[in-house]
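The chain contents come next:
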Amino acid sequence: MYAFSYHQPKTVRQAASLLAKNEDGKILAGGQTLLPTMKQRLAAPPALIDLGKVEGLSGIELKGRSLVIGATTKHVQVATSEIVKQAIPGLAEMAGMIGDPAVRNRGTIGGSVANNDPAADYPAACLALGATIITNTRKIPAEQFFTGLFETALEPGEVIVKISFPIVSKAAYAKFRNPASRYAMVGVFVAKRGSDIRVAVTGAGSNGVFRATALEEALKKRFSPKSLEGVSVSADGLNGDIHASPEYRAHLIGVMAKRAVTAAIGK
Amino acid sequence: MTHSNDPRGASRRDFFKISASAAAVAPVVASTALHAQPEQKPDPFAPVEVDLVVNGQRRRMALDARTTLLDALRRHAGLTGAKKGCDHGQCGACTVHVGGKRTLSCLTLAVMVREPVTTIEGLAATDGALHPMQQAFIDHDAFQCGYCTPGQIMSAVACVKEGHAGSADEIREYMSGNLCRCAAYPHIVTAIQQAKTQMEG
Chain C
1 MYAFSYHQPK TVRQAASLLA KNEDGKILAG GQTLLPTMKQ RLAAPPALID
51 LGKVEGLSGI ELKGRSLVIG ATTKHVQVAT SEIVKQAIPG LAEMAGMIGD
101 PAVRNRGTIG GSVANNDPAA DYPAACLALG ATIITNTRKI PAEQFFTGLF
151 ETALEPGEVI VKISFPIVSK AAYAKFRNPA SRYAMVGVFV AKRGSDIRVA
201 VTGAGSNGVF RATALEEALK KRFSPKSLEG VSVSADGLNG DIHASPEYRA
251 HLIGVMAKRA VTAAIGK
Chain H
1001 MTHSNDPRGA SRRDFFKISA SAAAVAPVVA STALHAQPEQ KPDPFAPVEV
1051 DLVVNGQRRR MALDARTTLL DALRRHAGLT GAKKGCDHGQ CGACTVHVGG
1101 KRTLSCLTLA VMVREPVTTI EGLAATDGAL HPMQQAFIDH DAFQCGYCTP
1151 GQIMSAVACV KEGHAGSADE IREYMSGNLC RCAAYPHIVT AIQQAKTQME
1201 G
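Here the protein sequences come in this chain order: C and H. At position 221 of the first sequence (counting the first as 1) the number is 221 in this note's numbering, and the numbers step up by one without a gap. At position 22 of the second sequence (counting the first as 1) the number is 1022 in this note's numbering, and the numbers step up by one without a gap.
Derived from the structure by calculation, the hints contain no laboratory data. Treat the hints with care, since some could be wrong.
Quick partial rundown of chain H residues pointing at chain C, CB under 8 Å, derived from the structure [as the list claims (entries may be wrong)]:
1) Glu1049
2) Val1053
3) Gly1056
4) His1088
5) Ser1176
Keep in mind it's a predicted model, so treat the numbers as computed, not measured. Where a beta carbon is used, it is the ideal one built from N, C-alpha and C, also for glycine.
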């Protein structure tokens, strides 16, 4: 790991100003991805801005018809929160599938969303649920937030403060995980709010999370796993690596989508 | 805690005074850190103040900001129970409890830690009686080479306390972050089941 200057701001404003002042500086939340990446020297930020002392960034609350989760809320908190379990049980289950228990004890929702790993789980939940990413300066719809591999719409000096999820009638996540890393080889988050049905896929796209519109159209006719039978997903633009070929991932998208719809109906 | 006054309110001079007298302090205090001008860019090599409570004992150190909790424990506090396996958060050999929650000490900077730390050295009772989980690992031969064992035991204690030791399958899922390359997994599961009844009984 290369040396960095370490900063402990007490407010979001201070954090944003430090981030703006330190070019290529990085926000440190749980550190479960950033620190191993720095150890491998895949990242060498000259400054780390630790959010650990910033108050008011962690927490879960209902606001009207939305579930609002603070940026430094840990995965274990989302997975075990009674509020989340009641409002969007599929989101709590998804959080409980991230990594392993030790990673869930420190990893944060804001970190996961800001990192936008192409195999991370939260980006799929944000996109399917139509979440809004709220920063220190603006509100960004998930649709515009995830812009590519490890790329987001965040500007320099912009800090995620919270994420707002509209409460939907049905939602579930199905994940075919790599047995070693627990990252999604394919993860499908399905959400239904009235006639608005969204299917978001992570782990498969070579450009990161995306919506499977063909599956969405099929589910609009009837929200049932049967509607997905015979609907094929193209392997174009999907990842191929030592774990799975693009064709296998395309097949898994259909299978995981059916499982997610079945689970969503059962909730 | 061994001191009653809050260290975080102490002056920098006080901190280094105490640091210099503590047994577990690394000699890394650079003079630039003490005389740095406020306008200067922060020196990334200047030591940062690390204030830990480990197994009920206060440990104050001045460390390179890059120091992980694992290295702070092993190299600077002399607690070598937590093991360095992969150093990338994949094997779980470095698992300790931070604020009662199992944490990968290799993926946590020492300077980030604000809650009390418990390591394998702090698990047994003060009279030396082993924790039920430690005894269960011995009773069931739940290890071969033993390198992963401190991490396994710390994770196993948390697994039971979290309420995730209801069945063998549940134990396997919630112990998935701790690898054992000797593959003592079946005995580890049996040991956790035994310790669970004692911990809950």
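Proposed interface contact between H:His1088 and chain C, which counts if any beta carbon pair is under 8 Å: 5 Å, holds
Cut-off 8 Å, beta-carbon criterion: hint that H:Val1053 touches chain C: Status violated, d = 16 Å.
Chain C contact restraint on H:Gly1056 - CB to CB distance below 8 Å: 21 Å, violated
Interface hint status, H:Glu1049 versus chain C (Cβ within 8 Å): 10 Å, violated
Agreement of hint H:Ser1176 with chain C interface, Cβ distance less than 8 Å: OK, holds: H:Ser1176 within 8 Å of chain C, min 5 Å.
When held up to the earlier numbered hints, the structure conflicts with 1, 2 and 3 and fits the remainder.
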